[in-house]
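Position chain B relative to chain A; hints supplied.
Number of protein chains: 2
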Amino acid sequence: MQQEDKVTAGLLVIGDEILSGRTKDKNIGAIADHLTTIGIRLSEVRVVPDIEDEIVAAVNALRARYTYVFTTGGIGPTHDDITADSIAKAFGVTIDVDPRARALMQAACDARGVELTPARLRMARLPLGSQLVENAISIAPGFRIDNVIVMAGIPDIMRSMLEAVTPHLKTGAKMLSETIPLERPESQIADLFAAHQKRYPDVAMGSYPSLRDGKPATDLVLRCTDRAERGPRHAESGPRV
Amino acid sequence: MQQEDKVTAGLLVIGDEILSGRTKDKNIGAIADHLTTIGIRLSEVRVVPDIEDEIVAAVNALRARYTYVFTTGGIGPTHDDITADSIAKAFGVTIDVDPRARALMQAACDARGVELTPARLRMARLPLGSQLVENAISIAPGFRIDNVIVMAGIPDIMRSMLEAVTPHLKTGAKMLSETIPLERPESQIADLFAAHQKRYPDVAMGSYPSLRDGKPATDLVLRCTDRAERGPRHAESGPRV
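Heads up: the sequence lines are chains A and B, in that order. Taken in order, the first sequence gives residues 0 to 240; the numbers are from numbering that gives the first Met the number 0. Taken in order, the second sequence gives residues 0 to 240; the numbers are from numbering that gives the first Met the number 0.
Any copy, or any two copies together, can satisfy a pair, since identical chains are not distinguished.
Calculated pairs, SDA-like style, for lysine to any residue (alpha carbon to alpha carbon, straight line, at most 20 Å):
no. : residue 1 : residue 2
1   : Lys173    : Ala29
2   : Lys25     : Leu210
3   : Lys214    : Glu133
4   : Lys5      : Ile50
5   : Lys88     : Glu51
6   : Lys23     : Asp155
7   : Lys214    : Asp155
8   : Lys23     : Leu210
9   : Lys25     : Gly213
10  : Lys169    : Val132
11  : Lys173    : Thr7
12  : Lys23     : Arg158
13  : Lys25     : Pro154
14  : Lys23     : Pro154
15  : Lys88     : Arg62
16  : Lys214    : Asp109
These aren't lab readings, by the way, just hints derived from the structure by calculation.
Okay, chain A solo, but in the shape it has when bound:
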């Protein structure tokens, strides 16, 4: 594997509503898909409540560890939206209304014929040193500070922000993946599969059991970053089960 160009990411999902079960998260899967596609390896996800100390601790743990940190949630106009303040605290910088964000929101409000109220203006408050991450849907931007990208929790808006920031991200070798579906339980192929893993240590081999029509089934998934590993050798010596 090409360790030298491995680009990693942590994801921080912020919100009481995910932890209470009220809202079922859809962003983890969408972000995982997107990052895998562009060659960034999602290496850890954390979900934390709307508590400043929790957000600060998680952001600081993740940003020290991964190339990028993405966050979702908590950037709206209400009192429980504390992500921007928490990020500022994590970086030890001040937070205030950002003139660029204000101008962007003023223009968006004008276009919609709505007023840029103090509540809306709260969404223009950004930690010092942030860059805007625009989106095509709502009036308020996300932002990026250093390696931390702060996005909305609403899936459509999150996706728009993720698309907007993508051209500015460095990416690594894409993970290639091949799936071999089997109509038998894992236990029947475990030994053979382990032998193959030993033979090809650079290919990450995972076995994913499920129930199909109540019967045990298994997907074998072979993953690596180097296309050469998937060449003739795979055709010759892939698992025969």
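Just chain B now, with coordinates in the frame of chain A:
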């Protein structure tokens, strides 16, 4: 709020397949719902890859912090199933085939007319000091060691194990919740809502925006553990928006 009887939980989702996007997690939402219903507060979720050091570090961080830790994934028979070994390492105990798990699996195999192969027997390996967590679906049990409950990743089997362990859990005051749906953007109610939060600091008030048919909508959610807080005062002075 009755802090003294607050029972908390951390959830650790183990699996490369969630981080790659290949599998979309359904367990976080299901476990969140279940724990909220029985009066346990899910306080943090982490998703980590199939890497022993990552699992050990996350389990140890979470078990020191919360009343319970639930884990999902990585307890099957294949080489990439390293959860049981990682839990043993986290607790600093040995791991071996557990006679109770072996007997349980032997009986299940006999009933199905299948052999208890070495691969299947791998699923009977439990950290020393574990108790079994049975399930009604597959032949292999989950287990519990101290405050850590280790469950399967397949949602149906996970749910069966969660049901099995539930009578043995201590639970706290249930979180009561009331939702007020609004057909307007958050920014229009932010100030009024913040004023209500100030007036009732013991009620956690959250505002959850969404797009309904492309138009901004907001759910206000009021949560507390004490039914008295939701009495006449709420009817008299709940948000009028």
